[in-house]
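Participant: Quick note, the sequences are listed as chains A and B, same order. Per our numbering, the first sequence starts with residue 1056, numbered consecutively. Per our numbering, the second sequence starts with residue 355, numbered consecutively.
For the record, the hints were derived by calculation from the structure and aren't laboratory data. Any given hint might turn out to be false.
Using 27 Å as the maximum straight-line C-alpha spacing, the simulated BS3-like pairs for lysine-lysine come out as follows [unchecked claim]:
1) K740/B <-> K848/B
2) K421/B <-> K397/B
3) K684/B <-> K696/B
4) K421/B <-> K1092/A
5) K463/B <-> K444/B
6) K538/B <-> K1089/A
7) K538/B <-> K1092/A
8) K1089/A <-> K476/B
9) K421/B <-> K633/B
10) K538/B <-> K476/B
11) K684/B <-> K848/B
12) K797/B <-> K594/B
13) K476/B <-> K1092/A
14) K797/B <-> K421/B
15) K538/B <-> K848/B
16) K421/B <-> K1121/A
17) K633/B <-> K848/B
18) K463/B <-> K476/B
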Amino acid sequence: MKILAVLLGLCLVFVFVWERVDMVRVGYQIERLKRDKTALERQRDELRVQFSTLSASGRIARVATKELGMGLPQQGQVILVQFRPGNTQPVAVADAVPVEVRVAKNDLLARRY
Amino acid sequence: MTGFVPPSGRQYILLLLLLCGFGVVLFRLVTLQVWQAAELSLKADRQHRKTVSLEGARGTIVDRTGKVLAMNVEVPSAFGVPTTLESPTKTARVLAPVLHVRSDELERKLRQARNFVWLARKLDPEQGRRLERLSLDGVGVVMEGRRFYPKGPFLSHVLGFAGMDGEGLEGIEHRYESYLRGEKRMMVLQRDALGRSVFPSNLTERSPTPGHNLALTIDEVIQYITERELEDAVIRAQAKSGTMIVLDPRTGAVLAMAVSPRFDPNVVSNLSPDRWRNKALTDAYEPGSTLKAVMAAAALEERVVRPNTMVFGEHGRMTVANTVIHDHEKLGWLSFAQVIQKSSNVGAVKTGMLLGEHRLHRYLQAFGFGQRTEIDLPGEGAGLLKSVKGWGRRSVASISIGQEIGVTPIQMVSAIAALANEGVLMRPYVVSEIRSPEGQLLKRVSPQVRRRAVSSETARTMTQILEGVVTDGTGAKAAIPGFRVAGKTGTAQKLDPRTGSYSVSRFVTSFAGYVPADNPRLAMIVVIDEPQGDAWGGTVAAPVFSRVGEQVLSYLGVGSNEPVTLAMSL
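Assemble the whole structure, with the sequences as input and the hints as a guide.
Facilitator: In structure tokens, the structure reads:
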């Protein structure tokens, strides 16, 4: 009986010590994960800033005009075509300016990516 | 069998020594654990616990489509502990090329008898990494939130900027400081023998909450088009500055607000406050003929005139209170609609005088002049509209042609937007939503009616008259192919502060209007300050209106009602 009591006591001590040690270990683990989380959040924020900088309309326009040789459409060249279901008759206007429409092919992008 | 052997003298001495040793240990134990317990546990706490001040990140600002315009990023800041340094000169010399600070300046800081000095704050991440690789004694790195404006000078006058300590100093950053600012909180961390933090002493302690996020009514693409076209016009006209505002007249939502020249809110330390002042709200100017639209609306509402009422143009010259009023051309008989379309000063003065000072003043107030529009941006001016008591003999005449009155661009565009909006004046606004860091909607700003300025019938009549300004009058260059445009040009002489009279060489040219006139989607104002050469509202400001209007309507998918034929070549 006495031996059992001693063993039980030892078990309790062991559990208590193990719990304390494990708490410290988990504490370090939590801190490491927190640091990782912070680092990833920092990286995410840096990437968001980078994305925002790279996707700025001003930059896209600069790349389009300076590097890709594109240009802004001149006044009257952009025409929104309104589709009215049921109206299949083309509307002829005598003094309308003929506009050339070109479709850009994405060969360059397809090759590169 | 052996019996009890009494200890020898040596053994007694050994026992005594052991007892003395245990006694010393016991005494020390009692001293530490009982007598000095309170003092020592306080010391231990100081060593194991670290109190840090943490501040939640400042909220993000996005445009109406969710594109990031301003946000916080954690960046390294370098600090020094001068009291632990052996050679400040050597340390300063090593740090200077990394921090991009002069070594004598760093040395001066490192020679101070202090435990902590900032060496350089809010550095680039690469500088921080280089600094950590150096691992210098007495020099450390901490992370701080730095405000970034990823698009540089884009929308700078509206966004404003935040200071070094993260407080909003100008623009939206200042106006919405209470929402944007993150929560500040002191936290206690447990440290081990190596100084590593273990976990907070109180596990229920949470991190400081970041600030709220703002969504603007501004559209990045519309703002870009506006800024680009305005900047081009200012450069082309060799003007001092330019301002342009694009509003949705139905709601008062500001879609774009540009001031040229712009500034980069990431680098403001070397700029004078004049560069970051939002002139669209702060600077009052004499509007000149654009104000005739308001005077005309008042005259029509009071039935003083009708669009076809004939007015004699006095061949372009008329004297009022010993002052000669000129027109830019010799005009004879004109309908009232033509008075506005041809921007006749004589015709406008005559109409204003028929209206009278009290009614003119009342309508100017109804359209929002002489008072703030209550836009949610700081620093707005009220313009200058004297009470009738302060008017002189020629005030009615002067005000009818946009002199003797100071208006801000935001007031003028709000007034013109009221005509587009069936006579109802709306409150302009730039923030549409406030969301918590978790994305929960906290506040949605609804369009706010300020008052009805004139009846819808008068507003519709004015639209027809203002359409004539573009089709047959001074604003021909504001025309947009395929759309009906209504608007008014303005060319105002500036007051010369040296002579106290109107300058003959310095002008403010403007164009205010809306499009499509039959179903207005955009109300816009262009103001160009001191253009050189051909300085007329119709030649300098109106083309900007046209170019921006055409591109923005196309972007918004507003189709033209006029049919066109296409010759396809695929």
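Participant: Would you mind marking each hint as holding or not holding in the structure?
Facilitator: Structure-based check of each hint:
1. K740/B <-> K848/B: Distance of about 19 Å is within 27 Å: holds.
2. K421/B <-> K397/B: Measuring from Cα to Cα gives roughly 51 Å; hence the hint is violated.
3. K684/B <-> K696/B: Cα-Cα ~11 Å, so holds.
4. K421/B <-> K1092/A: holds, 24 Å
5. K463/B <-> K444/B: The given pair, whose Cα atoms are some 13 Å apart, holds under the 27 Å limit.
6. K538/B <-> K1089/A: holds, 19 Å
7. K538/B <-> K1092/A: Judged against 27 Å, a Cα distance of about 20 Å means the pair holds.
8. K1089/A <-> K476/B: Holds, at roughly 22 Å.
9. K421/B <-> K633/B: Holds: K421/B and K633/B sit about 25 Å apart, inside 27 Å.
10. K538/B <-> K476/B: holds, 19 Å
11. K684/B <-> K848/B: Distance ~24 Å between K684/B and K848/B Cα, so the pair holds.
12. K797/B <-> K594/B: Since the Cα atoms of K797/B and K594/B sit roughly 39 Å apart, the hinted pair is violated (cutoff 27 Å).
13. K476/B <-> K1092/A: holds, 21 Å
14. K797/B <-> K421/B: holds, 19 Å
15. K538/B <-> K848/B: violated, 49 Å
16. K421/B <-> K1121/A: holds, 24 Å
17. K633/B <-> K848/B: Status holds; Cα separation ~16 Å.
18. K463/B <-> K476/B: Cα-Cα ~17 Å, so holds.
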